[in-house]
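Engineer: Residue-level listing of the chains:
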Amino acid sequence: METTLKTSKKRTGPVLFSNYQQADGIKKAIELSRENILLELKNSGLKGRGGAGFSTATKWMLSAAANAEKKFIVCNADEGEPGTFKDRVLLLEYPELVFDGMVIAGFTIGAKTGIVYLRGEYEYMLPSLEGFLNNMKEENLLGKNILKKEGFDFDIYIRLGSGAYVCGEETALIESLEGYRGEPRNRPPFPVNTGYLGYPTVVNNVETLASIPHIIYKGGEWFKKNGTDKSKGSKLFSVSGDCRKPGVYELQWGTKINELLEIVEAKNCKAVQVGGASGVCLPKSQFNRSLAYEDAATGGSIIIFDESRNMLKILKNFMEFFVEESCGQCTPCRVGNTKLLEGVENIEKGEYTFSYINKLKELGKTMQAASKCGLGQSSPNSFISILDNFKEEIFYSNRKGIKNVKA
Amino acid sequence: MLKRENIRIPVSQQALIVEKPIDTTSIGGTVTIQINEKKVSVPFGTTILDACKENQIHIPTLCHHPDLCIAGVCRICVVEVEGLRTLQTSCSFPVTSPIKIHTSTEKVRKARRHIIDLLLSEHYGECYSCFRNGNCELQSLAKEYGVDGYSFGHILEPKYKVDKSSAAVIRDMNKCILCKRCVRTCIDLQEVGVLEAINRGHETHVGTFLDKPLADVICINCGQCINRCPTAALRANDPSDEIWNAIDDPKKHVVIQTAPSPRAAIGEEFGIEPGHSFTGELNTALRRIGFDKVFDTNFTADLTIMEEGTELLRRLKKAVVEKDSSVKLPQFTSCSPGWIKFIEHFYPEYLDYLSSAKSPQQMFGAVIKTFYAKESKIDPADIITVALMPCAAKKFECNRPEMNASGFKDVDYGLTTREMAKMIREAGIHLPEMPKSNFDEPFGNASGAGLIFGATGGVMEAALRTVYELVTSREVPFENLRIELCRGFEGIKQASIKLENCVESYNFLEGVELKFIVAHGTANAKKVMEMLQRGELSDVHFVEIMACPGGCLGGGGQPIPTSEEIRRKRAQAIYEEEEGLPVRKSHENVHIKYIYENFLTDGPCGELSHKLLHTHYTKRGKYIS
Amino acid sequence: MLVVEKNNLSYEIERMVKEYGSDRQSLLQILQAIQKKYKHISDFAQQEIARLMNIHPVEVYSVISFYSFLSTEPKGRNIVRLCKTIACDMAGKDAVETAVKRELGISFGETTNDQRISLEYTNCLGMCDEGPAMLINEKVYTHLDPEMAVNILNEIK
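Protein chains in written order, with the numbering used here: chain A, 1 to 407; chain B, 408 to 1032; chain C, 1033 to 1189.
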């Protein structure tokens, strides 16, 4: 069936899915000074929800401190990580959170322009999102002198991607916005100093921005009541794969994988991929681990595999993905991923030695250390974790014994 | 603050601009860092690579090139910076705080070795069958890191067809390691824009518009990409086998002309430091190889000055005296075939501004197959003319269909410095050991004016020496004839000389400020053309443009590697050689006087000159069908 | 291409460059607009864009070749992109794939003779909880089964 804007579904959750009235956060922000917003944010302990987990307050402070004639807020809606779809839900069902978050960010760092980089695959959302932005303009939540606050000007426009996973990397995203190939830049300099068109730019994930209005309106203290010591607040998990209730769930940071599996009614679960194709694959023995920055970190993607799945085929699917989606500029990622894929194919054919496998794992470590951006740095994760955690299945058992050899 | 509005280069390909100190410990503009166990102070914003170089710590590089902006894509130069999770590329990392760097930890060594292994796995071919054997950066790295096998396999079948369509540049993408130096050369350095990265991921390759053959796109054949390619992916179209055949054929009279720039650089191919000319040694070597005559291109450089200078004076007269508004000024030089193809593609509507004089190479070809053939009573059909040039574009130029004024192909082969060195080595000759000898008559002694054509500004300097003297009957008013206004590597130089006390026939130029511009590299040529388009050159009389950075001495046929430092040394060698010559003005060359008295009897720009020494250009445009 | 077509295309591109701006940062938007209207970006269109934006044609080609949703080769009126990433794969993508290929008589990467449909694979569509999923032009269809997918394809013009 065709997917369009859904508003009927009522979700509940401790933070993001808690009650929020559009513009409440903006109104509160105007009352606070820019410094106090930053303090509130710092107090909340909010970290980037895209996966890297950089402190949002620090990012904002750096660009707020930068002295420039223009600054930009970019909403990273290039959600491409396999198994991730929380941004889709936020943009379709809670656009007010995302856009209010951008307005508050603009107010705080002194930016007048916000850009939503919406992945090309989500083009169907464009009419509803633009309609929503128009309403905000009519209500003076965007435009000049927002809510009659003198000099508080902010506008948001939406730019579409064109089918390139790597553009989710913030500097590749900026290159793409500038009309270039989405090839990640050298860092430093960082976007907070030299970003879009060379101006200070804050690039935040959709979910990060959606957390902002809650934090500003309800306070950092309220926000950090949820979560763990090092991972404050809650997280949206995109759950897919072998379970009865796939979908987006808002859970506290620190939730155990076991608990999550119970909530989504997963049976006969053999493995859980935490963090999408670029994340790690955990076996049953590690299901008591917590989902948190300090333990099993994730941008929210949880893919569940039951006993019938062939782990090698899953790995092959991931590696094919990276071979195609690498931007192709740096050696470790461009060539390294093809070597890892070749390795998987050789294992499939039974043409391997363990010293060869170990050499590939070593190569994976180099890719993690020496690749230019997060794509190449994380693409070996599944290779290493699947070969380590499922070696009995892959190397020791007769694979024909697995009942369903389909991935 | 980096402004992006008018810059077309992706930030990832631009030099780093560090805005302000991030760390307060960087007082006085320097930062004290620790490299391995050593504490050193470096200027704020220095890259780790430069900091290491300053302190004699070797870091391998591949995509880095001193002429180009930073890419950070090959990753071979990674180092460990304490406190950072991942390895950092030293070429792109600016030092802004007192960091601790480790350049050779296990992690670093493993990463570098892996990167070399990965590149080798996709690098088609074997070193012993490669023309860059012994001068390949990938090979050197493999040696440096003791590679003795293919850890991740080795490609056995070529993935791409070798593009041999161009008369000048051959592209073999099977040997490409995607350092993108050629891309940065073509787009940023030269602003020609023929090469870019195509596709994504594992399918990425360097390609042309629609992956068309090089001959079908707007390549100007400058060959600068070849000079910066670390492997054998780019090379010049080598005619040396055909030249050997001609030499071995007793019926053929094989004549070679040598340009000044190869002579100032060929020593580098034999392990000599840049900055030494081997003119006399080369003459001996060429005769030993079997060339029947060795001539000096400087002779036709002098001839070019006579023709081009006369043409300029005629244009000035038409403009000043006859008030002829159809006269195109400034007059642009036409010696650089890369520049000619550049203007034909990018500014076809301005071809009338070009001097119609042929380049020295083509003038010589025409003169050899007419005047020389007649004087020495040899059938021009039996003469093979070879031109030793610093240039890749000369190969295209000699194949232009209009270049047959003698009734034959005026210049049969254009040979680069690199290819010449290869022929000399093949003949078992070590050039630096050769005794010196002179050029052959009847073009034996050229002037120094012709010699300095090799450096940017040289044509202008040579032309000024002659034009000024023709107009005023006095030498140019500069000490030792050194017109410093024309020298140096600034991208665009603008200056003027006042013409006073002119002789009677040129009194229409009395008091005129002769304004001229010298530009090198097509990126600068583009700027000059944009000035022309905006009407800012209406009071300029003469413009010298060379397609290659540094002029011919930095040409696409010169020894590899290249850098501004190397080019400066070559220029120095040329200027030093020039000062030692007895004749330093084109019009004082006795052979020039002789040829105008006995062959081109109706003088410079006369009827025969026009037939043999002048040419026309083609409006090519940019559209690729 | 006929001269009239070329002129129309030039005019259209000029209009787009005017609308989006001739700065480099407008390039992707212009390419997307042309792709949408003409289902590909022809050699001529690429060079016109380069001319109007004062960049090199090879840069335009380079950018097009980087992005999966842009193409230099003509495509059918409708582009069908089936997600092949893990969750959709596990949810039964193979069956949908086989049915669609059989029904249209073409493979993925090909276009039907009547130019009605081009079949392509795509990576994750962000519909992992509702797989298998496919995009038809910009619309997304989820919870596909082979019969349903074929019915949807048969309905599009």
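Just so you know, the hints here were simulated from the structure itself, not pulled from any lab data.
Quick caveat, the model's predicted, so the values are computed rather than measured.
We treat Cβ as the ideally placed atom computed from N, Cα and C, and that holds for glycine.
There could be a bad hint or two in this list.
To be verified - In silico DSSO-like pairs for lysine-lysine, Cα to Cα no more than 30 angstroms straight-line:
1) K1171(C) x K1050(C)
2) K361(A) x K517(B)
3) K619(B) x K1068(C)
4) K365(A) x K619(B)
5) K1107(C) x K1029(B)
6) K224(A) x K391(A)
7) K70(A) x K1038(C)
8) K365(A) x K507(B)
9) K361(A) x K507(B)
10) K1038(C) x K1050(C)
11) K256(A) x K361(A)
12) K365(A) x K1029(B)
13) K1050(C) x K1133(C)
14) K230(A) x K514(B)
15) K10(A) x K1171(C)
16) K224(A) x K256(A)
Stated by the list, open to error - Going by beta-carbon spacing under 8 angstroms, a handful of chain A positions derived as facing chain B:
17) G53
18) A164
19) P188
20) C327
21) G328
22) P332
23) K339
24) N358
25) K359
26) K361
27) L363
28) T366
Claimed, not checked - Label pairs and their computed distance ranges (CB to CB):
29) N358(A) x E1105(C): 38 to 44 angstroms
30) N1039(C) x K70(A): 49 to 55 angstroms
31) E610(B) x E139(A): 53 to 59 angstroms
32) K284(A) x K1107(C): 44 to 50 angstroms
33) E610(B) x G219(A): 47 to 53 angstroms
34) K70(A) x L491(B): 28 to 34 angstroms
35) F54(A) x G1141(C): 51 to 57 angstroms
36) E31(A) x E1105(C): 33 to 39 angstroms
37) L32(A) x L491(B): 33 to 39 angstroms
38) K112(A) x L491(B): 44 to 50 angstroms
39) R1134(C) x Y157(A): 42 to 48 angstroms
Engineer: Are the hints correct? Go through all of them and say.
Structural biologist: Hints and how they fare:
1. Among the hinted pairs, K1171(C) with K1050(C) is consistent with the structure: their alpha-carbon atoms are about 28 angstroms apart, no more than 30 angstroms.
2. A threshold of 30 angstroms between alpha carbons decides the hint, and for K361(A) with K517(B) the separation of about 12 angstroms falls inside it, so the pair holds.
3. With a C-alpha separation of about 25 angstroms, the suggested pair K619(B) and K1068(C) falls inside the 30 angstroms cut-off, and the hint holds.
4. Taking the CA atoms of K365(A) and K619(B), the gap is near 39 angstroms; set against the 30 angstroms cutoff, the hint is violated.
5. Between K1107(C) and K1029(B), the direct Cα distance comes to roughly 27 angstroms. Compliance with the 30 angstroms bound is thereby established for this hinted pair.
6. Distance hint between K224(A) and K391(A) is unfulfilled; the C-alpha atoms sit about 40 angstroms from each other, more than 30 angstroms.
7. Among the hinted pairs, K70(A) with K1038(C) is inconsistent with the structure: their alpha-carbon atoms are about 40 angstroms apart, more than 30 angstroms.
8. This hinted pair checks out: K365(A) and K507(B) have alpha carbons roughly 22 angstroms apart, not beyond 30 angstroms.
9. Distance restraint check for K361(A) and K507(B): the Cα-Cα separation of roughly 28 angstroms lies within the 30 angstroms cut-off, and the hinted pair is therefore satisfied.
10. Simply put, K1038(C) and K1050(C) have alpha-carbon atoms about 18 angstroms apart, close enough for the 30 angstroms limit, and the pair holds.
11. Between K256(A) and K361(A) the alpha-carbon distance is near 28 angstroms, which keeps this suggested pair within the 30 angstroms criterion.
12. For the hint pairing K365(A) with K1029(B), the CA-to-CA distance comes to about 47 angstroms; that exceeds 30 angstroms, so the pair is violated.
13. For the suggested pair K1050(C) and K1133(C), the alpha carbons sit about 42 angstroms apart, so the restraint of at most 30 angstroms is broken.
14. Between K230(A) and K514(B), the direct Cα distance comes to roughly 29 angstroms. Compliance with the 30 angstroms bound is thereby established for this hinted pair.
15. Of the supplied pair hints, the one linking K10(A) and K1171(C) holds, its CA atoms being roughly 24 angstroms apart against a limit of 30 angstroms.
16. As the CA atoms of K224(A) and K256(A) are separated by approximately 18 angstroms, the hinted pair is consistent with the 30 angstroms bound.
17. Taking 8 angstroms as the C-beta contact cut-off toward chain B, the hint placing G53(A) at the interface is violated, the least distance being around 12 angstroms.
18. The criterion of a C-beta within 8 angstroms of any C-beta in chain B is met by A164(A), whose closest approach is roughly 7 angstroms, and the hint holds.
19. The closest approach between the C-beta of P188(A) and any C-beta of chain B is roughly 6 angstroms, which is under the 8 angstroms cut-off, so the hint is satisfied.
20. Checking C327(A) against chain B by beta carbon gives a least distance of about 6 angstroms; that is within 8 angstroms, so the hint holds.
21. Evaluation of the G328(A) hint against chain B yields a held restraint, the C-beta minimum of about 3 angstroms falling below 8 angstroms.
22. For P332(A), the suggested interface contact is upheld, since its CB lies about 6 angstroms from the closest CB of chain B, less than 8 angstroms.
23. Checking K339(A) against chain B: minimum C-beta separation of about 5 angstroms stays under 8 angstroms; hint holds.
24. Evaluation of the N358(A) hint against chain B yields a violated restraint, the C-beta minimum of about 12 angstroms exceeding 8 angstroms.
25. Restraint check, K359(A) versus chain B: the minimum CB separation of about 6 angstroms is within 8 angstroms; hint holds.
26. The beta carbon of K361(A) comes no nearer than 12 angstroms to any beta carbon in chain B, farther than 8 angstroms, and the hint placing it at the interface is violated.
27. Restraint check, L363(A) versus chain B: the minimum CB separation of about 5 angstroms is within 8 angstroms; hint holds.
28. For T366(A), the interface hint holds, since its Cβ comes within 8 angstroms of a Cβ in chain B; the closest pair sits about 4 angstroms apart.
29. The supplied range of 38 to 44 angstroms is met by N358(A) and E1105(C), whose beta-carbon atoms lie about 43 angstroms from each other.
30. The supplied range of 49 to 55 angstroms is broken by N1039(C) and K70(A), whose beta-carbon atoms lie about 39 angstroms from each other.
31. For E610(B) and E139(A), the hinted distance range of 53 to 59 angstroms is not satisfied, since their beta carbons lie about 48 angstroms from each other.
32. The beta-carbon spacing between K284(A) and K1107(C), approximately 46 angstroms, falls within the hinted interval of 44 to 50 angstroms.
33. The hinted range of 47 to 53 angstroms is satisfied by E610(B) and G219(A), whose Cβ atoms lie roughly 51 angstroms apart.
34. Checked against the hint of 28 to 34 angstroms, the C-beta distance between K70(A) and L491(B) comes to roughly 30 angstroms, which is consistent with it.
35. Remark: the range hint 51 to 57 angstroms for F54(A) to G1141(C) is contradicted by a beta-carbon distance near 39 angstroms.
36. At about 56 angstroms, the beta-carbon gap between E31(A) and E1105(C) misses the expected band of 33 to 39 angstroms.
37. Taken as a hint, the range 33 to 39 angstroms holds for the pair L32(A) and L491(B), whose Cβ atoms sit roughly 34 angstroms apart.
38. Judged by the Cβ atoms, the range 44 to 50 angstroms given for K112(A) and L491(B) is violated: they are separated by roughly 33 angstroms.
39. Between R1134(C) and Y157(A) the Cβ separation comes to about 43 angstroms, which falls inside the hinted range of 42 to 48 angstroms.
Hints 4, 6, 7, 12, 13, 17, 24, 26, 30, 31, 35, 36, 38, counting from the list given before, are not met by this structure.
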